[in-house]
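*Asks:* Sequence:
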Amino acid sequence: MELGRFSVSLNVKDIEVSKQFYQNLGFEIVAGDQAQNWLVLQNGDAKVGIFQGMFEQNIMTFNPKDIKPIHKKLDEMGVDYSRQMGGEDYPKMALFKDPDGNDILIDQHDV
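Residue 43 is where the sequence shown starts when you use my numbering, and the numbers rise one by one after that.
One should not assume that every hint holds.
Dumping the calculated DSS-like pairs for lysine-lysine here, alpha-carbon to alpha-carbon at most 30 Å [stated by the list, open to error]:
1. Lys115 with Lys139
2. Lys107 with Lys89
3. Lys61 with Lys115
Because the hints were derived from the structure by calculation, they are not lab data.
If you're wondering where the values come from, they're calculated on a predicted model, not measured in any experiment.
All chains, please: the whole structure from these sequences, using the hints.
*Replies:* What follows is the structure in structure tokens.
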């Protein structure tokens, strides 16, 4: 099963402090709006989203080209996940937790 590109979305206390920290590690801003409390930074293939006050815990994110086989596999596994965006049969996203309560977001982008 191909999960696609991986990134992590971090719940940060102070977006300015976190932005400076990751920039000092060589990350560059590639998306977002600091005035809206979110930025995406990249260093090579590594992407880190920093979000202040938008969600409670960190989220692992995968961006596949085709989410349909992933939804089918999740169904087979009996994973309790949310189908909040997209079509009725196979939406473009799935949000669920791993066995330790970590959030995982599978999010298909059409771009």
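*Asks:* All hints, please: hold or fail.
*Replies:* Here is what the structure says about each hint:
1. Lys115 with Lys139: holds, 15 Å
2. Lys107 with Lys89: At roughly 17 Å apart (the allowed maximum being 30 Å), lysine 89 and lysine 107 satisfy the hint.
3. Lys61 with Lys115: Distance ~36 Å between lysine 61 and lysine 115 Cα, so the pair is violated.
Hint 3 from the list above is the single one not met by this structure.
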